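These protein sequence lines are chains A and B, in that order. 1086 is the number of the first residue of the first sequence in the numbering used here; add one for each residue after it. 1086 is the number of the first residue of the second sequence in the numbering used here; add one for each residue after it.
Incorrect hints may have been included.
[Stated by the list, open to error] So, partial list: chain A residues that the calculated Cβ filter (under 10 Å) puts toward chain B:
1) 1086
2) 1101
3) 1103
4) 1110
5) 1113
6) 1115
7) 1117
8) 1119
9) 1147
10) 1153
11) 1157
12) 1163
13) 1165
14) 1217
15) 1218
Don't read these hints as lab results, they were simulated from the structure. Note that the coordinates shown come from a computational prediction; the quantities given were computed from them, not determined experimentally. Every residue, glycine too, gets a C-beta built ideally from N, C-alpha and C.
There are 2 protein chains.
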Amino acid sequence: MESSLLEKARELLNRNLLTTTLSTVDKEYNVNVAVITVVEMVDDETILCARFGAEQTYANLKETGKGVFMVLVADEQGKKDGIRVYVRLAEDLTEGPYYERIKARLQATPYRDFPLKNCLVFKITGIAPISTLKR
Amino acid sequence: MESSLLEKARELLNRNLLTTTLSTVDKEYNVNVAVITVVEMVDDETILCARFGAEQTYANLKETGKGVFMVLVADEQGKKDGIRVYVRLAEDLTEGPYYERIKARLQATPYRDFPLKNCLVFKITGIAPISTLKR
């Protein structure tokens, strides 16, 4: 993975912006997208995600295991910027160090009153810029 | 479809905001998401979309035909708001009234220098709020 894309993914995902989404799909190709903000990219291959709602997203991940995070931001000229991070679900935890780590992060957010249901552990399978459109 | 959701979908999609995305999937459940801004909801069932880049999105739609648009905005309190519109690809046009209509819309945007490749015609299969999380 290109290191500039890795660094951009880490910086943007770990800001936990409201414009962080996760797109997923079920076996019948019904696509869903949800705002999923409490995440942490903990190394070059791994993203932790606090799952406290997101019922359809969770069901989809259990069915097909694949998804893509997008973080969308505006650059200094007001143009779109951001990152797309392609993932597969590796683990679904309800205890342990990763679970405690994302629980602590959740508790520092406005979502702190929602009980943490799962710590989803994703492996990164690809990273792409927000757009590949060439002028 | 609930009329308040329909009106919200129409209002938000037709603003062609930079925070408009389309999530799609290929046959192997590889999910993609792309910023897709030049769209028009022309009636309660139909969305037109200008396709001038978005190669992966287009390939996915030709394979599985399903997707979901999201428009993400901040409400007056700075909290997230928006809409999710679930669609299936109904037609892929390279001429005709819908093609000319979306071409005119494209030409009024910063993307006007990109030749229009296709007018994608989607049928709306569902509309959901931006979040279903209950406090």
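Here's how the hints hold up against the structure:
1. Given hint, residue 1086 of chain A at the interface with chain B, is violated; its Cβ is 17 Å from that chain's nearest Cβ, farther than 10 Å.
2. The restraint placing residue 1101 of chain A at the interface with chain B is violated, with a minimum CB-CB distance near 12 Å, outside the 10 Å limit.
3. Among the interface hints, the one on residue 1103 of chain A holds; its C-beta lies about 5 Å from the nearest C-beta in chain B, closer than the 10 Å criterion.
4. For residue 1110 of chain A, the suggested interface contact is upheld, since its CB lies about 4 Å from the closest CB of chain B, less than 10 Å.
5. Contact between residue 1113 of chain A and chain B, as hinted, is supported at the beta carbon level, the nearest pair being about 8 Å apart and thus within 10 Å.
6. The beta carbon of residue 1115 of chain A comes within 6 Å of a beta carbon in chain B, closer than 10 Å, and the hint placing it at the interface holds.
7. Hint status for residue 1117 of chain A: holds, given a least beta-carbon distance of 6 Å to chain B, under 10 Å.
8. Hint status for residue 1119 of chain A relative to chain B: holds, with the closest Cβ pair at about 8 Å, below 10 Å.
9. For residue 1147 of chain A, the interface hint is violated, since its Cβ never comes within 10 Å of a Cβ in chain B; the closest pair sits about 13 Å apart.
10. At a threshold of 10 Å, the smallest CB-CB gap from residue 1153 of chain A to chain B is about 5 Å, leaving the interface hint in force.
11. Evaluation of the residue 1157 of chain A hint against chain B yields a held restraint, the C-beta minimum of about 6 Å falling below 10 Å.
12. Satisfaction of the interface hint for residue 1163 of chain A is found here, the shortest Cβ-Cβ separation to chain B being roughly 9 Å, below the 10 Å cut-off.
13. For residue 1165 of chain A, the suggested interface contact is upheld, since its CB lies about 5 Å from the closest CB of chain B, less than 10 Å.
14. With its C-beta approaching chain B no nearer than about 7 Å, residue 1217 of chain A sits inside the 10 Å limit, and its interface hint holds.
15. Annotation: interface hint on residue 1218 of chain A holds; nearest CB of chain B at approximately 4 Å, less than 10 Å.
In summary, the numbered hints that this structure violates are 1, 2, 9.
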